[in-house]
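Student: These protein sequence lines are chains C and B, in that order.
First residue of the first sequence: 1, per the numbering used here; consecutive thereafter.
First residue of the second sequence: 1, per the numbering used here; consecutive thereafter.
Check the hints yourself; a few may be wrong.
One-sided excerpt, in silico: chain B residues whose CB lies under 10 angstroms from chain C [as the list claims (entries may be wrong)]:
(1) K68
(2) G147
(3) P151
(4) L153
(5) T190
(6) V191
If you are wondering where the hints come from, they were derived from the structure by calculation, not from laboratory data.
Quick caveat: nothing in here was measured; it's all calculated off a predicted structure.
Ideal placement from N, C-alpha and C gives every residue a C-beta, glycine not left out.
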Amino acid sequence: MTTASATVEKPGSLRRRGFRLDFFRVLTWLASLATVVTLLWIVASILEAAFPAIQKTGLTFFTNSVWDSNREKFGALPFLIGTALSSLIALCLALPLGVAIAIFLSENFLAAPIRHTIRFVVELLAAIPSVVYGLWGIAVVIPLVQKWGNLLAQALGFIPLFTGPVFGNSMLTASLVLALMVLPTITAISRTALVAVPKTLREGSYAVGATRWETIFGVLLPTAAPGIVAATILAFGRAMGETMAVAMLIGNSPRLTWSLLSPAGTLAGLLANQFPEASGIQVSALMYAALALVLLTLLVNMIGEAVLRRAQKSIKGIQ
Amino acid sequence: MRKLSLKVLLSLFCTSLVASSAMAATQLQGAGATFPAPLYQRWIAEFGKLNPDIQINYQGIGSGAGIKQFTQGLVSFGASDAAMTDEEIGKVKQGVVLVPATAGSIVLAYNLPGVESLRLSREAYVGIFLGKVAKWSDPIIAKANPGVKLPDLPITVCTRSDGSGTNFVFTQHLSAVSPEFKDKVGKGTTVTWPTGVAGKGNDGVTALIKQAPGAIGYVEYGYAVNNKLTFAELENKAGQFVKATPESGAATLSTTQFAPGLLRGWPEDPDGKDNYPIATFTWLLLYKTGNDKTKLDALKKFVTYGLADGQKFANDLGYIPLPAEVVTKAKDALNTIQ
Numbered sequence: 001m002t003t004a005s006a007t008v009e010k011p012g013s014l015r016r017r018g019f020r021l022d023f024f025r026v027l028t029w030l031a032s033l034a035t036v037v038t039l040l041w042i043v044a045s046i047l048e049a050a051f052p053a054i055q056k057t058g059l060t061f062f063t064n065s066v067w068d069s070n071r072e073k074f075g076a077l078p079f080l081i082g083t084a085l086s087s088l089i090a091l092c093l094a095l096p097l098g099v100a101i102a103i104f105l106s107e108n109f110l111a112a113p114i115r116h117t118i119r120f121v122v123e124l125l126a127a128i129p130s131v132v133y134g135l136w137g138i139a140v141v142i143p144l145v146q147k148w149g150n151l152l153a154q155a156l157g158f159i160p161l162f163t164g165p166v167f168g169n170s171m172l173t174a175s176l177v178l179a180l181m182v183l184p185t186i187t188a189i190s191r192t193a194l195v196a197v198p199k200t201l202r203e204g205s206y207a208v209g210a211t212r213w214e215t216i217f218g219v220l221l222p223t224a225a226p227g228i229v230a231a232t233i234l235a236f237g238r239a240m241g242e243t244m245a246v247a248m249l250i251g252n253s254p255r256l257t258w259s260l261l262s263p264a265g266t267l268a269g270l271l272a273n274q275f276p277e278a279s280g281i282q283v284s285a286l287m288y289a290a291l292a293l294v295l296l297t298l299l300v301n302m303i304g305e306a307v308l309r310r311a312q313k314s315i316k317g318i319q
Numbered sequence: 001m002r003k004l005s006l007k008v009l010l011s012l013f014c015t016s017l018v019a020s021s022a023m024a025a026t027q028l029q030g031a032g033a034t035f036p037a038p039l040y041q042r043w044i045a046e047f048g049k050l051n052p053d054i055q056i057n058y059q060g061i062g063s064g065a066g067i068k069q070f071t072q073g074l075v076s077f078g079a080s081d082a083a084m085t086d087e088e089i090g091k092v093k094q095g096v097v098l099v100p101a102t103a104g105s106i107v108l109a110y111n112l113p114g115v116e117s118l119r120l121s122r123e124a125y126v127g128i129f130l131g132k133v134a135k136w137s138d139p140i141i142a143k144a145n146p147g148v149k150l151p152d153l154p155i156t157v158c159t160r161s162d163g164s165g166t167n168f169v170f171t172q173h174l175s176a177v178s179p180e181f182k183d184k185v186g187k188g189t190t191v192t193w194p195t196g197v198a199g200k201g202n203d204g205v206t207a208l209i210k211q212a213p214g215a216i217g218y219v220e221y222g223y224a225v226n227n228k229l230t231f232a233e234l235e236n237k238a239g240q241f242v243k244a245t246p247e248s249g250a251a252t253l254s255t256t257q258f259a260p261g262l263l264r265g266w267p268e269d270p271d272g273k274d275n276y277p278i279a280t281f282t283w284l285l286l287y288k289t290g291n292d293k294t295k296l297d298a299l300k301k302f303v304t305y306g307l308a309d310g311q312k313f314a315n316d317l318g319y320i321p322l323p324a325e326v327v328t329k330a331k332d333a334l335n336t337i338q
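All chains, full assembly: derive it from the sequences and hints.
Tutor: What follows is the structure, encoded as structure tokens:
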């Protein structure tokens, strides 16, 4: 008679019952390691290629506003600001709209089939290729911005944000199209967060006499808030990395301006435009910019993930 | 059952033999400038009809990328609007032969509804691209255009956002005619323009010009003609306003001085009454030594075709046919390849 093994299996161990090396576990461990190693490898390669530029410019890369590859002066500030600003404006436009759609889809204002259709259509927006958004932006948004921008500049031209001359290819155009591109992300995750609010909370709120809107704004949104914040942060990460559509719409200007109606530039657009023909120290400087973008996007995504996980944990407690 | 599978195997084997013999055609791979790409594609199509056993593939990835791939030995031939600098030639162990293949002018296309012809003096067009002349109604522009009603629109300068041979040639010309431009912006495949919006590629700039009333930008002559853009007459060194035509471009090209031993040179600011001031050759980059025999024969055949019959297509597609003496020099250079 054999006695059962008394060894307790440690979680994540490669051996089954402290005994033989389990092939399946080794395989899955290798797969997980491969993803982590690939990420580190990418960052390491970019760092290595960027090293000459890092030595040459150091931290002034982030504070200088002149990018002149001819004269070997590399200051990425206009592109950093362009990236951050276009993403922020896109978020400001997409967030209220996205949360509103999410609320609408999580409540039963309309019959279920219609809600499913709307949800499907919003997710289809995410499936449209980026370059198609760019083309649509050129055909539709640019003429609109030129027309309304002229009116805006005439009326509110004294505010630095809206001074002319008005360009069709400007920060505003790119931000508008970016807002449309991040809308599906915000809507989908916010809807999930709202639907995940336990029924007991909803019913409890109605039980104490709150109206539907009081419930939505007083109970559901605050409970789903961490999820919505996570959605926002992930959408922000996506907007920052968007290349093609933005490069076609933003005007690719390396100059720092206050006006939203002037052309601007983003880090991703800078890389897409200048990398193919770059040589020498310019390649290194562009790699430095790429490093900045990667680290920024990684940071934003990590924060988003952390907030989302915390949100899920806090909801689990309520039953 | 076993006999059947044997027959199947045998027939598969025979088909694969036939298929592989059909694939024994000589294959040439080229990459480089986007400017001459339409012409090269036309050459490849026509040449392929006459020589079906030679398959050529050309990718317009940009002059800089073309030079990089050529240096790394990834292609059979390269193409570049900016030829190659001595430094770049030094990096190619097999040696380089530069063969001018075709040429083109760079025009300043504009979008001014109602203005069919425009004359830009040197002062005007340099000022526009420096950002000093900001409105179409500026007297500097009006001076050369008596009787033309210029609208009071702001000037939207459209430039290239990517590095390119077109940038190189245009900034080279502007640097040659204006010390202030040379100081502030300089010449190069990628420069930082003091004003305006930027688009990717000749087609990007064309799109920008078409979208904005009051826009002006620099594009290759072929692009302007094919997209029906209006472009300006420019003042040349002799003080004449010349429109870009194949003749005025050819006149400029024939003044080009080539560097000794190398078919490389640019007419930066040509003399002559009828010369259009901005024109350039574009080059094919070939390895001087170490070529595979069959591929070399195919390549020589193709380039000879391009230099001879291929020049016929130049006019239709918006390029300038090579002057006769340049063709002779190019053929001589081709013969030095081993």
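Student: All hints are to be evaluated individually against the structure, with a verdict given for each.
Tutor: Okay, the hints, checked on the actual structure:
{"no.": "1", "hint": "K68", "verdict": "holds (8 angstroms)"}
{"no.": "2", "hint": "G147", "verdict": "violated (27 angstroms)"}
{"no.": "3", "hint": "P151", "verdict": "violated (14 angstroms)"}
{"no.": "4", "hint": "L153", "verdict": "holds (9 angstroms)"}
{"no.": "5", "hint": "T190", "verdict": "holds (5 angstroms)"}
{"no.": "6", "hint": "V191", "verdict": "holds (5 angstroms)"}
Figure legend: structure checked against the earlier numbered hints; hints not met, in rising order: 2, 3.
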